[in-house]
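Novice: In order, the protein sequence lines correspond to chains R and B. Position one of the first sequence corresponds to residue -3 (the numbering used here), numbered consecutively onward. Position one of the second sequence corresponds to residue 18 (the numbering used here), numbered consecutively onward.
FYI, nobody ran anything at the bench for these hints, they're computed from the structure. Heads up, a few of these hints could be off.
[Claimed, not checked] Between beta-carbon pairs, the in silico distance windows are: (1) B:G93 with R:L118: 22 to 30 Å; (2) R:V8 with B:N25: 52 to 60 Å; (3) R:R17 with B:G93: 48 to 56 Å; (4) B:G96 with R:G88: 34 to 42 Å; (5) B:D48 with R:D34: 44 to 52 Å; (6) B:T111 with R:L118: 51 to 59 Å; (7) R:N146 with B:N25: 32 to 40 Å; (8) B:R37 with R:T41: 40 to 48 Å; (9) R:T(-2) with B:T111: 55 to 63 Å.
[Said to hold, decoys possible] Some, not all, of what chain R presents toward chain B, calculated at C-beta under 10 Å: (10) P2; (11) I51; (12) P57; (13) I73; (14) R89; (15) L100; (16) Y113.
Just so it is clear, CB atoms sit at the ideal spot from N, CA and C, and this is done for glycine as well.
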Amino acid sequence: MTRPRPEPVQVVKQRRDAALRALVNGVPYIQFLGVEFDRRGDELTAVLPFSDKVIGNPLLPALHGGCTAAFLEITAIIELAWASLWEEMEAGRLDPTTLHPTHLPRLPKTIDFTVDYLRSGLPRDAYARARINRSGRRYASVHVEAWQDNRSRLFAQATGHFLMPDPDE
Amino acid sequence: MSDIRSRNARQFIEAIPHARALDMRLDAVGDGVAELSMPYDERFVGDPATRVIHGGAVFALMDTCCGTAVLNHPSGVAGTATIDLRIDYMRPATPGQRIRTRAECYQITRAVAFVRATAVDDDDSRPVATAAAAFTVERAT
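Using the sequences provided together with the hints, build the complete structure.
Specialist: This is the structure in structure tokens:
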């Protein structure tokens, strides 16, 4: 029995990166804050580059708690949308070249979001990763961790519940 | 509302770069209460399909409003920081409309302040979001 030749690595990478880019570039608020996503296989790391507009306390200076929360919520929503996009794409049911900001899969809607502030955000880039703890047909529960210099020293964490988009919509 | 207090609170908000970036405005301030609002802006859109403002922007507005309420508590608060804040999104804010929020510091101890807040758009009979938070309290000694 002959196996089909695997696709060249560059083709696979290009397809996955194009899908991620379409998803992230479609959301104005992500662009406004300057949040970027780093991809390793299906694992995403969100990056919030430090800039003047993310400062909450100009004297320290420290990140604004609300901006930290927005960063975590963005990470959770993109993780959820990416997980379903990934599944569709890898199963060959979706061609990312057809993805356009106006023809993206519908995004999950936040039901509630709780942010735990562990230490003040330093004037440096921040990173975040989300873990989907439960993902049902209608509801999902996601946990997000954010850190700066040390992965093991979180400066914030959050848990949120999300309403998943109706697949028939 | 005393003029000096509202001027101080306004200066406090204007000194926060992130609040300026989101074009937040102080509308009123009183004993342990604050009202802030934020205009609709295409740059703050979270869902390109519906043009609804991102929850994160609403969170930032409510967090700032809660902090302002704590700083204006009559027991005398020198500084504050968010310990935790939970937001419940009741409905999408209507695109094009200003989001207004009111926060009340309803309980305070030596070290902790408890705050709740509500956000509305032009239809103030149905909240867009509510929040419950705990803040640190630094006392002037």
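Novice: Please go over all the hints and tell whether each is borne out by the structure.
Specialist: Hint-by-hint comparison with the structure:
| no. | hint | in the structure |
| --- | --- | --- |
| 1 | B:G93 with R:L118: 22 to 30 Å | holds (29 Å) |
| 2 | R:V8 with B:N25: 52 to 60 Å | holds (58 Å) |
| 3 | R:R17 with B:G93: 48 to 56 Å | holds (51 Å) |
| 4 | B:G96 with R:G88: 34 to 42 Å | violated (56 Å) |
| 5 | B:D48 with R:D34: 44 to 52 Å | holds (47 Å) |
| 6 | B:T111 with R:L118: 51 to 59 Å | violated (37 Å) |
| 7 | R:N146 with B:N25: 32 to 40 Å | holds (37 Å) |
| 8 | B:R37 with R:T41: 40 to 48 Å | violated (29 Å) |
| 9 | R:T(-2) with B:T111: 55 to 63 Å | holds (59 Å) |
| 10 | P2 | violated (34 Å) |
| 11 | I51 | holds (4 Å) |
| 12 | P57 | holds (8 Å) |
| 13 | I73 | holds (8 Å) |
| 14 | R89 | violated (20 Å) |
| 15 | L100 | holds (7 Å) |
| 16 | Y113 | holds (5 Å) |
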